[in-house]
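Student: Protein chains in written order, with our numbering: chain A, 392 to 1167; chain B, 50 to 301.
Bear in mind the hints are in silico, worked out from the structure with no lab data behind them.
Any given hint could turn out to be false.
As the list claims (entries may be wrong) - List time: in silico DSS-like cross-link candidates among lysine-lysine, alpha-carbon distance up to 25 Å:
#1 B/Lys74 to B/Lys167
#2 A/Lys493 to A/Lys1005
#3 B/Lys179 to A/Lys1159
#4 A/Lys787 to B/Lys119
#5 B/Lys119 to A/Lys1159
#6 A/Lys1077 to B/Lys167
#7 A/Lys404 to A/Lys806
Stated by the list, open to error - Label pairs and their computed distance ranges (CB to CB):
#8 A/Ala705 to B/Ser169: 24 to 32 Å
#9 A/Lys760 to B/Glu298: 49 to 57 Å
#10 B/Asp126 to A/Ala705: 54 to 62 Å
#11 B/Asp233 to A/Thr1157: 35 to 43 Å
#12 B/His254 to A/Leu742: 53 to 61 Å
#13 A/Ala680 to B/Asp233: 51 to 59 Å
What the hints assert, rightly or not - Derived list of chain B stretches under chain A, where covered just means 3 residues or more per stretch with a C-beta under 8 Å from a C-beta of chain A:
#14 94-107
#15 131-144
#16 150-164
Positions of the beta carbon are idealized from the N, C-alpha and C atoms, including for glycine.
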Amino acid sequence: MYLNILKRDLKRKKTMNVILLIFVMLSAMFMASSVNNIIAVTTGLDTFFEKAGMPDYVVLESSIEDSGLEKTVKALDSVTDCRKEPQLLGLSPDIKITGSDKEVKVNSPLYISIDNAQLNYFNQDNEVITEVEKGKVYIGSSFASQMGIKIGDKLIVSIGETSVELEYIGKVKDAALGSNSFGNPRFFMNDEDYQLLCSDDEAAERSKNGYYIDTTDTKEVKEALSGFEGITLSEPQSTIKNTYIMEMMVAGILLVVSIFLIIVSFVVLKHTIGFTIAEEFREIGVMKAIGMKNSSIRGLYLVKYLAITVVGSALGFIFSIPFSDMLLKSVSTSMYLSSDNNILVGLLATLLVVGITLFFCYNSTSKIKKLTPIDAVRNGTTGERFRKKSLMHLSKSKLGSNTFLAANDIVSAPKKYSVITSVFAVLVMLVMVLANTANTLKSEATLSLLGCVESDVFINCQKLADKSHEDIEKILEENNMPGKVHQEINYGIGVIAGDTKTNLRFQHNSGTKASDYVYGEGVAPECKNEVALGYVTAEELGLGVGDTITLIVDGEEVECTVTALFQTMNNLGKANRLHEDFDVSSLESSAFFDIQVDFDDELTEAELQSRIEKLKDIFDTEDVMDAAEFARRATGVYDTMVLVKNMVLIIVLAIVVLIAVLMERSFISSEKAEIALMKAMGISNKAIVWYHTLRFALVALAASFIAAALCLPATQLIMNPIFSIMGAVSGVSYKIVPFEIFVVYPVILVAVAIIAAFLTSLYTNTIKSSDASNIE
Amino acid sequence: MNTVLNVKDLCKTYITNKRQNNVLKNVNFKVNEGEMVAIMGPSGSGKSTLLYTVSGMDRMTAGEVEFVGKNIEKLNDNDLAKLRLDDMGFIFQQMYMLKNLTVLDNIILPAVKSTKTKESRTEITERALKLMKKLGIEDIANNDINEVSGGQLQRACICRSMINNPSVIFADEPTGALNRTSSDEVMEELSKLNQEGTTIMLVTHDAKVAAKCSRVLFIVDGNIKGEYNVDVTAALRDRERALNNWLMEMGF
């Protein structure tokens, strides 16, 4: 009999059982994929470096002739292995995209034969690239992102007079030089193509060697290499890891998304279980009336939920594998992030879902004890509302009847609807957080974090290398757009702070004043013997405002007072600032920022864009941009962030659709009697569909308000820790685009909820008015 | 007297498990304005099906039903819904009401939805309260539906069925779920409404209830087997006795 009741229940309450099955499946899918993603992200870099075979120390040397570096390194006691990887240095102007006028602008591309590869390089499917066909090329992911090339595009790569045409076949994940911070794309080609390039007379001058050194003492290696000229990179693995901070920031967002998905799925699951058990009150009452024991009734439901949970979880686990891979692939084109070998983890996560679901079921069935046979006969409805009062009154309300019915339903069942509202709010807030972050990354607000003041126009300095600032100002004046030109320049300066001797990076701009920049503590340097330190440097050296440091300039010691501390994302927070009057003439610059132009006159946005176009023609470069575009390019992850935001938006909308469809379907199922009654009274199908749809519209609207109101604190809560890793330790002033946050996303959420609820509520058309007489 | 309901050769067939079940077979009858007609018959005879088919809640298989001059088979779902809203009232055995609304709100909802009159919500509410007072339930206006007794709730359902001044009230076993006292009270109210001119058609098993009607249609196996005109001038007990005798003759 027990089994018969169960079989009949599964068949008869098909709709509710299927809804529960889908929610269990979603929970299992989100849980298994999210746990996998969390593991993949938190262990991401270590796994990537391990799979790539990254050494303890990486060296890149220009090697016109044998410098003896390999021999020196191998002679060191601490070194266990040294792998040499020959390559050629390319130049941007020597790369042409076939059929495109687009100017190639990338930092020092490197050409390498796949046969010479000393590390494991991965394609976008996370497979090791072991061979490349002749005439084809894999390129580091930053190149495709910057140049917008697609698979199948052809490139002509030249060294001197020798050229090869190569078909682009995909992005490569290059652990050593592939991070966005490095931005040196490597071209992996067939050995024949590579040898052809090597055959050119110019190739010898462009020859470089990569050395991958396994050592137990990286300091010893660094000291041993200090005497070699032509070394362009000499860093331990830990420093290389730091260059992946931007990628980790995006991956960190995936972590947040995963945690959100777990929370959402369990909230929805708990509610659905509670709701379906509430639907059974009448039946439970009948079973009690015929003398069944509490334990038997509870057992019956637990067996039913166990069956649903096991099937749903199994399906969820299967779907979690492609879902997890899709998420991981979308957040990183330059890092190996994979959920492979985590089947066991996925299984454990799925078992956890089974356990938690059964716990929810056990918990919800505890209400069985409290129910009496009277509940079964009382009023014929669900019994869930015996102690509730109507809060709104149609007789006094000014709302239209459909709006009233929708609003009244919501306030009459606050628990049920608050769950949906909060889930919708959390989901849309997640998208808003990502939108705020993306907008901040391309806003003027980021300029101060990049150590720049706001300017009208930024011009890539490479194209203007042969022109002084005065020359540029003269050209601007000749073209009727007079303005002031200045540039941030980085200098590496030896510093003595107490007992510590180190080399610090200082920014200097002779065209601005130190007081033009934003500081977190103290006052801006006012004379040449005053400096401002980044928070990270100050903390590392144990310095604060008022302390003194000694700068070693041209062999002489210059004592400077620290007057201010500031946050910066440059050099992972280890950037500092000199006063504009500091004599930098004897210092060697280590990096140049883009040239900044401040026009003398006030411009509208349209006028500014017109001048940008004009400047592109004058200086024959596309790299003329406004402040927002400069910020976007400088941070390097804006495009990925937008991609992630759009992907999360799609996932969020899919979940909103699922929740709206399944919830509305379950509401229809439980309100069948009321719908039939309304029809019997003469209320039209259209009015009933509209009233049902309005409930979700109101819920989505409320969720949008909550999300919009909380999105700034949520952005700060989620993103500040991530930005602080990059050096912005005292918080970021986030850019909120009001139209996007207060209009676009709320409208999308409400529209999607309305469409989903509307289409589902059309099912009410199948309920006949005569059903009012034979509803159970 | 005007005919409000004219039923000609009405058939209703259900197909269950590929088997044809003819629930109504060529049913013919008329209901005049101001009549109170009871449909009686054994369980499964097609009483409720007849009520729901003639009221347009269920579609007929064949035949014709004219309701206040309109052939309901020719009306689409929206027109039928409007007809039910404006010209018909319904009372069910189970006293169905919308659980999230107060008793008063349940009563006024059809009027708020209707475009029959241009009354304001305040005017509708006043009219509903008058109706409630008439049926002796004005005290429960702002109560939730689970806070009132079955008898009170059925009287509220009568108020709801009356709110749009329908041409006919259809009642399916209106006293079936009530105790004797409540049942008597409800029938008393329906009788009063009928005396005031409201046409009522009800389904019942109870001869005591049917005795309060002016005419009884006896249905067996989907056919009207007999028709009995109640002597409304006689005392209720005599009417009931005479009706019971007739029913016995009909084999009930």
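Student: For every hint, state whether the structure bears it out.
Tutor: Structure-based check of all given hints:
1. B/Lys74 to B/Lys167: Violated: B/Lys74 and B/Lys167 sit about 42 Å apart, past 25 Å.
2. A/Lys493 to A/Lys1005: holds (18 Å)
3. B/Lys179 to A/Lys1159: Between B/Lys179 and A/Lys1159 the Cα gap is close to 32 Å, so the pair fails against 25 Å, i.e. violated.
4. A/Lys787 to B/Lys119: With Cα atoms ~36 Å apart, A/Lys787 and B/Lys119 exceed 25 Å; violated.
5. B/Lys119 to A/Lys1159: holds (21 Å)
6. A/Lys1077 to B/Lys167: Given pair A/Lys1077, B/Lys167 holds - Cα atoms ~21 Å apart, limit 25 Å.
7. A/Lys404 to A/Lys806: holds (23 Å)
8. A/Ala705 to B/Ser169: 24 to 32 Å: violated (59 Å)
9. A/Lys760 to B/Glu298: 49 to 57 Å: holds (55 Å)
10. B/Asp126 to A/Ala705: 54 to 62 Å: violated (43 Å)
11. B/Asp233 to A/Thr1157: 35 to 43 Å: Roughly 39 Å apart at Cβ, these two residues keep to the hinted range, so it holds.
12. B/His254 to A/Leu742: 53 to 61 Å: holds (57 Å)
13. A/Ala680 to B/Asp233: 51 to 59 Å: Once the Cβ atoms are compared, 29 Å apart, the range 51 to 59 Å for B/Asp233 and A/Ala680 is violated.
14. 94-107: Holds, because 4 residues of the region 94-107 of chain B bring their Cβ atoms closer than 8 Å to Cβ atoms of chain A.
15. 131-144: holds (count 10)
16. 150-164: holds (count 10)
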